Structure formats: structure tokens, C-alpha cells
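Undergrad: Sequence lines, in order, name chains A and B. The first sequence runs 239 to 867 under our numbering. The second sequence runs 239 to 867 under our numbering.
Take these hints with a grain of salt, some might be off.
Copies of the same chain are indistinguishable here, so a pair counts whether it falls within one copy or spans any two.
[Unchecked claim] Below, computed lysine-lysine pairings styled on BS3-like, alpha-carbon distance capped at 30 Å: (1) K555 with K422; (2) K716 with K293; (3) K555 with K411; (4) K422 with K830.
What the hints contain is simulated information worked out from the structure, not anything from laboratory work. On a predicted model such as this, the values are computed, not experimentally measured, just so you know.
Protein chains: 2
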Amino acid sequence: MADRAIRFQPSGSRITYRPDATLLELAREAGVSIESICGGSGKCGKCKVVSTHGKQKLSPTNEIEQSSLRNDEIEAGLRLACQTRVLSEGDIVVLVPEGSRRGHHRLLASGIEPAVELAPAVSKVLLKIPPATLADIRADDDRLLDILNSEAAVRANIAPGVHRLVPSALREKSWEATVTLFRKEELIGIDPGDTTGELLGIAVDLGTTKIVAYLVDLATGSTIGTESCPNPQIPFGEDVMSRITFTAGERDGLDRLQKVAIGAINDMIGRLCSEADRNTVDVLEIVVVGNTAMHHILFGISPVHLATAPYAPVVRKALSVNPGHLGIDIYPFGRVTALPNIAGFVGADAIAVLMSSGLYEQDDIGMMIDIGTNTEIIAGGRDRLISCSCASGPAFEGAHIKNGMRAATGAIERVWIDESARKIHLRTVDDASPKGICGSGIVDAISEMLKCGIISASGAITSAPEEGWNVREGSDRKPEFVLYEPEDNGDGIEVSITQNDVQEIQLAKAAIYTGVSTLLKKLGVDCLDISTVYVAGAFGTYVDTSSAIHIGMYPDIPPERIKFIGNAAGSGARMALKSVEARRLADDLSRKVEYIELASEKDFQSEFAKAMFLPHREPDRFPSANRST
Amino acid sequence: MADRAIRFQPSGSRITYRPDATLLELAREAGVSIESICGGSGKCGKCKVVSTHGKQKLSPTNEIEQSSLRNDEIEAGLRLACQTRVLSEGDIVVLVPEGSRRGHHRLLASGIEPAVELAPAVSKVLLKIPPATLADIRADDDRLLDILNSEAAVRANIAPGVHRLVPSALREKSWEATVTLFRKEELIGIDPGDTTGELLGIAVDLGTTKIVAYLVDLATGSTIGTESCPNPQIPFGEDVMSRITFTAGERDGLDRLQKVAIGAINDMIGRLCSEADRNTVDVLEIVVVGNTAMHHILFGISPVHLATAPYAPVVRKALSVNPGHLGIDIYPFGRVTALPNIAGFVGADAIAVLMSSGLYEQDDIGMMIDIGTNTEIIAGGRDRLISCSCASGPAFEGAHIKNGMRAATGAIERVWIDESARKIHLRTVDDASPKGICGSGIVDAISEMLKCGIISASGAITSAPEEGWNVREGSDRKPEFVLYEPEDNGDGIEVSITQNDVQEIQLAKAAIYTGVSTLLKKLGVDCLDISTVYVAGAFGTYVDTSSAIHIGMYPDIPPERIKFIGNAAGSGARMALKSVEARRLADDLSRKVEYIELASEKDFQSEFAKAMFLPHREPDRFPSANRST
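Sequences and hints are given; from them, build the entire structure.
TA: Right under this line is the structure:
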């Protein structure tokens, strides 16, 4: 049997093969989900795999593969799983690259977990304290701090308020007690007996649109729970700028935004703890990352100056405050810590992504892109790092798009158009009937429309009815392209891409590309000099890399140089929660990373205008797009 | 005229003299109030003065003076003002020593003001901050802290919460702002423009019986207001021990005691500020001193372990907390600072008295006694200091005394008995009709009763009716000595000293003397080795030194070695408020001063029993008392 087995990596799944089955079929039977949207015709080109052992037992590359794959991909041994069959018996190993795995984004949703040496800011020490006697009448504070110094080499102060806990904690379990320290400088808690195993922290990624919280066991370093919710500030303003306007224009606007954010965080703390069967007072520290405006609002600091030149933040440095200061429901003498910011629109979340990507320690030039309603980009490496922020808007979240929706059940997330058959292939989240289209679907749709000539390089929907595409006049009297029409008595709703939708995406992608190209120019490098682009954020993880390059959102680099790091802001927050060394790194990076204010760059307007084209007004910048259209 | 003038020092009052007038009369006419209670008969011996210039123009020492004054006093040139007349013309200067000045205690009520170099923990710096521009996009915190470092050489952090104030304060007066610093480490405030002249602090002496608060202008160092009130915890327990019992035995007992104390402090802050026409939010720091139990209760720390062996305090070290932590109504980002304690019954107030006395830097051996319901004693000098606490009880405040009262209008404050005439001379506060007797009156009364043989050395009222004193059987069937009987239709009420009253005072004075003698023994010195006894506290200031020595409360040293320092706890608190150097001193002293637990001393019981005698079971210890009885 072993000589008729095929192994899929990296999952390790193994299946006995049978004649004539394609690798795509065998993989699915083995439980390995490979992307494919064209029904196995080889036209969508999504099911790329590579055989690392026994490739001579496979069918040779056929014509379909030769037209779908680039020359360099063929040279690198890439195959389309739907076109490749096993010809002879023997041991075969097939590697399924990350980008070909269906649902890989779901695995990445909570972000990668970079290894850090466990050294959290909160720590516990078990002490046996010499009892108070008439021969040793030291005060409790001296007695406790003396032994802490002699046994653990820690010279600490007792935090205000914690003194109240000391006398009974010392005496309740015969002068054996566990002290909790913050940064080995401040004694923030004391319990009778040994409680060193109980050490919880929470990392929070406070996004403009979504808040994610992770419960971390700081005694072991493992993440024991994840919760997320929409940012309840959305009704007060969809993007950062409208929320800043709200704080400036509405009575108690800042207080109200602060309050709902803290309420949401407290709800998540409650859910995380109750699911893990722990008490919220056992959570000793929360590390929060967010963009600068979210950061300021959380701390009750007016963000109003972020909105006008020179866009200076009030706070760059890291903050650590008592939970009571904000009304956060954890251990009252614990800490709420925010990582440092870089600039008014490049916040602690960008620092967190940067830390989690490892870009800062790279010898060659790399880039990280965290796509959201505001997209932060940092480019460079070990020697120099430059950042900027692009107002990409909420279009990728489905906002301002006629049939736009979040990536929830029924959202069209993949589009592939069979040009010759005039047939549109769609995939929806959970394979449900279409209810709308999410960001990755729109990017695919526009890329495919461009490939098929339904839209021009300027973004105009130009296809005439006689070309065979379902293009009609929309309610705004502008043309729209119908992507999906439910059949009679069929499920789902009609989904179309309007002229306005195309323009929203053009604005968003132009904003990102202008940021990318400005940073590259500042660094004096060409886009092919970039060794790796780390793409963070949910949308960045879901979107198809080739489509994103094809419309000119990402720089035109070989797709394999693009690495997905998921919710890297959350990963970076967990790194900081688990390691004071990571916090030191965050402090260093917040000082080191330069900031470019894009709007005040001399060429910004013309660069942006050129980037509005699909993929770009200067086609030389996208040689691969030229080749495939 | 000048050659017939007499000057009184240190007041500087000057008057032309006339033949036959006594110095006492001339002094009164010049507005210099000299003590005298015997109607100028020379018998009470209170009106001691010394001529420092022109003494050969005064009448020679007469027989009355020779019997009233000690030999060493006569040798030192002391005269009784009521017996001394001017004989010839010429310039004469008469020094009226502190102890002979009537009402000197009122001047001392707020304590001496030792000079300290003005360097308060809160300070202000005016800064011109480089404005934020597109060419200088630093965050507000970096911008502010950079200039603070370069202009004032201060490397500070911004305190949590203060960030909120920064952006508008920077911009409101064209980037000129005043920052408030705590210990030049933390930026706790920022105002637009120049507010460096506004710098207020409050010092609080939180006594078991009385709370005194001083408003200090920290820009100039001057005290601009004083307020006092009874400690509102009194209804929950008269002395420290009963309050500790209350916190242990009553539901929310600690909270209730804490709340009333804070309420009283807030009331005083309000009154001090409204009288000085300032706002309470302009008060940046409060320095509090009190005994260890008052200290613990103020901070919400259980004092219950102070009451049982080994009487260890929870906190020795100095504390500085945010006002909101306790609910104190001053600038919310200011500080409430408590000086360090020494032991369970020697608190921050003793440190404050010690600082204000200067005893700690004395080359020879001295002693400080702060008399209250608890009396703290510290003996020693530069090389070594030993402290103890004596449970002297509230008898000196008039409590547990049949006709006892506070030193208010109508309280008998001085008693002198003319033995030969069987006549009792009294003086009352404000010269009103007698309503009761206060501590200094009781000590005088017992000293006089002892001199006249109305009580024995054991304290028994032994006088038989035929001896001519108004001794009768009291309601408790024990003898009592009638001090004052209103005449028919006269004002005032009857005041007598009961057998029980005598015993209460014996217990109180024995407690103090046992402390004194134990410390002297530990230091290996004799009482005459003491160069100075610094007496602090209201009662200590009011009580007649000779009477106090005569009943065996103070050690038997020449009365001129006793110095009154008034409310020295308040003085020490003001020193610390005005000077970080004084706080460093307080920290040093709290570590340096040794503590003796009297009750666990081997000889304590027998020493105490011997000290119950008047003046002492071992008469050798009080040679001066032997001489005068």
C-alpha cells in the first residue's frame, strides 16, 4: 500500500491513489482543501502545487498549464493540481503552498504567534517571610521588601492601595505569600500561600472596525481564548476621521466614544474569563494596540489635533495606567498598557504588526502593509524604516459598495470569469447563496472585469451589450455589471458591480499604491528589490494576491514574496504582553521608524492620480499585468 | 527721657519708669505680660526676669526672692519682677524669659518655623515650546519632554491622565505653558501661559484629638492660613487603642473612621482656601503627619495589628498617593504624602517633631517629649536616637477628670496655693469665671497640694479638716479637695480635685516618666546629662514646667533646659512640605531611630509602680522637689 500512497504537505495527510484521479481530487479526498474556482478546467490557475518527491511519476505539464502558469512558475516546478494525474506507482509528496490552500485565511485570522521568551511585565514570586516577633519588630513593608530583595533580588515599592492587602496576606498562611510585581519595580499584589501558577493577561487589538481580544496564560505563554466584536464606535463615525470630527463637534463626544469602547472591551474580558472559568480580577494586565486616534480616545485624550496639519499626536510614548483610571474591569491594581505610537496616523497597531513581521531585523528591504479603513505601510529593514498612512477607506470592508457586505455567510469572496464561455464563477463564504460581495470578492471581480475588457484601464465600464456581458444601466444611470442573478425561485439576491463601486476600489487601491511607491522612492529602491511584503489584517489575508497585483494595489512582485501574517497587530500585542523585551523593542521602533506625511509630499497628487488607473498610468510599473491581459 | 527708660526684651517694649514702681507693674504698663498668680507677693515665683543691662540700678535681692528662687537662679541673676524696683536713673534692659511670659503658649500654638531651604516636591517651570509644524512633527509628549530636558535639565514622565491636558495647554497661549512637576520626575500638570507664581501646599497634623492644617504658599515659603478642628473620630473612641478596637469590631469600622477624618481634612482645605481666596484645585500637595494608627486609618490600612504584640505597623516608609485615592479635594493629579513612621506607636508625627526640634543633629544628649493621649519620647543626639511611646491617656486633655475640660474660656489653667494664708489663687483662660479645670491647672493643683501636704507622696488626699483646707467627702465617698466655690450669686461653678483625679494624673505622669527613665537607662546617661528637653504639643506648652517636675512628670533638670516647641508636628509637616531635603531627612530618621517597646522591658512594671509616687518612690531622682517641699 505504501508504494501507492501520496502525501500532502504541510498537513501530512496521506491517501492511496487510483488511476486517472487528479491531484485536486486526491487532495480533497485526503481532506486537504485546495483553492479552485473554475470547476477543474485549469483556467482560474488557483490550484498551484509542487511535487517535492516523486514528480517523475506525474503527468507532464499540459497546454492548459502552460497558458495559466508563468514561465518562472513552470521552471520552479509548479503544477495545477486539477491538471496533474499520477501515472505510475511509488512514493509521492505534494506541497500545497499557503496561497493555494482554501480557508488558509481562517487559520490566520488570529495572526501568527512569533516566539518570544516568556518574561511578562507582571510576574509572581513566592516568599517565606520571617514572622514578626518582639525580637524583630520591623514594619510589614520593610519585612516584605527586605525578603523580596534578598530572595529574588528585586528592589520594589508597594503600589498605593496595595498596603491594605499586606497584613492579612502575610499572616493568613503562616507568613507564606505570593507577591505580584509589575516590571519588577512595583509590588502590585499579594496573596496568602502559593498562587504563582495564576497569571493571566489580555491582549487587545482595538481596530477602527473590529476589536479582538486574546486571553493569555502568562505562566505558560499560551493563548487560551479569543473574542472579537465590531467596534461599537461605528455608529458615531465609520472611519477614524469621522470619529475625530464627532469628538470635536458633539457634546461629550470624546467621553461617549471612550465609554462605548471600554464597555466593549469589558464585555470581551467578561466573556473570555467566563469561557476559561477564570475571574476577571485574576487578569493582571491588558496590552492594547490600536491606531493613534483609537489609542487617544481610549485614554480620553482629544484626538482633534490628529485631524489637522501637522497631525501631531498627543502621545507617542508607551502608557501604563491603573485599570480604574479607564474603568477597565480587571485586577484593580493591575495595569492597562498601550504600546507606543509612531505618528498621528501610524499608531501602536503598526508597531505591533512590525514586531510580529520581523521586518525590523531583516538585512534586505521588505515591506509591511496592514490594510484597514486606514492602511499603514512600513518599508525598509534593519538599517532604516519609513512609514506612512493611507486613507484607504472602508470599501474593502464592503462599505460604500452597492452590494457590499462583510465577509459573512453568503458574501461572494472569490470571482473568476471564464472569458471564452462568458461564464462567471463565484464562491461565497460557507458556500451559501450569494447575499452580497465582500472585499476579496470585489477585488477579484474588478481584476477579472479588467482582464475581460469589461472595464478599461481608467475604470470605466465600457462593455457594450453586444459583447455578451450582462452590463446594464443602473439606478444612477451609470453602467453596472451584473455578477449574479438568482434563477426563478432561486436563493440569494442579485449582485452587481456599479461604476461607483469600481471608483471606490480605484480610490482605495490608489491610496495604498501611492503609499507603497512613495516609500520605495524614499528608500531609493525598485519594487523588485523588495524581498518580502508582509500583508496583515483580515482583508489582506482574504484577498487574492494575483488579483490585488493585477488591479495595481500591491507592487508588482512575484506573488510568492507576499507573506500573510493575519491579525499581526493582535500577535504583536500578545508579544508585548508576554515579554518586556518586546516592549523595549516597541519603544525602540517607535523612535526609529521615520514617518512620511504623504499629503505633504511634492508629487503626491500626481502619483495618486496615476495610481487611479488599472493597474497604473505607467504600465511599465506592472509588467506582469501587461503580460496576462 | 531716654535715661529714665526701661526696655523689655525680647519684645522691645519701652517705658519711662517712676519711683517705687516694680518691674512687674512697669512691664504691664509697657504691654509686656509677665506671669504672676500670687498678687505680687513674691510667693508664686512665676515672674522671674533677668536684667542684662543696668542691673546695678535695681533694688537688691530681698528675702522673699531668696526663699522663692533657687541658689543657682540667684547666681544666674534671676529676679522676681514683683519684688524688684528701680532705684536710680539710667538705661535698663530687662529680659523676660519665655517661661515667665504670660500667654507665650498662644504664640507657640502653631509651632516654631525652622528655616528650610525652599525646595518643595511640587515645582513649576515656564517653557516656550517649539510649535508643531510639518517640518517638526514630533508628538506633543516628545515635544514637551524634550524641551523640559533641554531647558530645565529635567527628565520626567507625564503622569497618567495628565496627557489629556497637554494639547490645549500647549496651543492656548501660543506654545507658552507652565508645567507642574512632582519631585522633578513626573509631570503632573500643565497650564497655558505663566502660572509659576501659583504654588500652594497644605500641611496637616492629624492628631488623635485635634487636627491642624496649614496653607503654605510654596512659591514664597510663607504660611498663609491655619485651621484646626477636633478629630471627628473621637465619638468612635477617645484614644488610639479604642479606635483600633472599633475598626476591628464594627462593621465597616475602618471605612467609617477613614471617611470622617477625610471629611474633616476636606472641610479644612475648603476653609483655608476660601479664606485665602484661592481654589482648592490650586493646592498641589498635602503632607500629612499623624501617629501610626491615624496614618493607617487615613490610608484605609487596618491598624489592628498595631494593638497586639509585636505591634508591627503595616507601613513604615513614606507614602505618596493621588488625592483621588483617598478622596481628598485638591488638584486631582497632585499628591497626598505621609511622612514615614518609626513603629506601631511612634509615627510620622514623632518624626516631624524630631525634625523640627533639631535634636537629631545635636552633639550632646537631648530629649523630645510630645505629650498627647499617646506621648512619644525620643532621646539621644547625632549618634544615636531611641524612641518609645507611653500610653499617657487623655487626662491632660481634661478627660476622666471630675471637673476636667479643654483649655477653653473659664478653664482653670494656673493654681497657686498660699500655704500660710490657706488661700488658693487661680487663673482661668480669658480670666472668665471658673467652669472647670484644664490639664495645666490640674498639674499645678496637684503640685501645690503636694507642697502643702494636702496629698501624700502616694497621692492620697490625707489632710484632716482641722488643717484648714476645704477637704470633704465626695460622692464616691473618697476625699476631694475643693479648689473653687462660687460665692452666693457669684459666677462659675464649683471645682474640686478628687482622689480619682489625682490617680489619673499619677498614671499619666508615671507613664511619661517611665518612658523618660527607660530611654536614659538605655543610653546609659543620667538625667542631668540632658542638655535640652524639647516639649511639644499644646499641653506641654501650657503646663508649668516647675509643677511638672515637682510631680515627677518631667525629669528633674533645671527648668531653663526645657524648650517649648509648640505644635512641632505641624512645623515638621511644613518643613517636609517645603523641602525635599527635609523628606530625605525624615526617611533617614525613620530608619535610624531605634524603638523600645516599653511593655516588654524587664523592669517596666516596677519602674512604673515607683513612678506612681509623687514625685517618685526614689526621692533621690528628684533632688529639687525634696528641697522645695
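Undergrad: Compare the structure with each hint and give your call.
TA: Checked hints:
Taking identical chains as interchangeable, the C-alpha atoms of K555 and K422 lie at most 30 Å apart whether they share a chain (20 Å) or sit on different chains (19 Å). Neither within a single protomer nor between protomers do K716 and K293 lie at most 30 Å apart by alpha-carbon distance, with minima of 52 Å and 119 Å respectively. Only between protomers do K555 and K411 lie at most 30 Å apart by alpha-carbon distance; the minimum there is 25 Å, versus 41 Å within a single protomer. When the C-alpha separation of K422 and K830 is checked against a cutoff of 30 Å, the pair qualifies both within a copy, at 26 Å, and between copies, at 27 Å.
Violated hint for the displayed structure: number 2, the only one.
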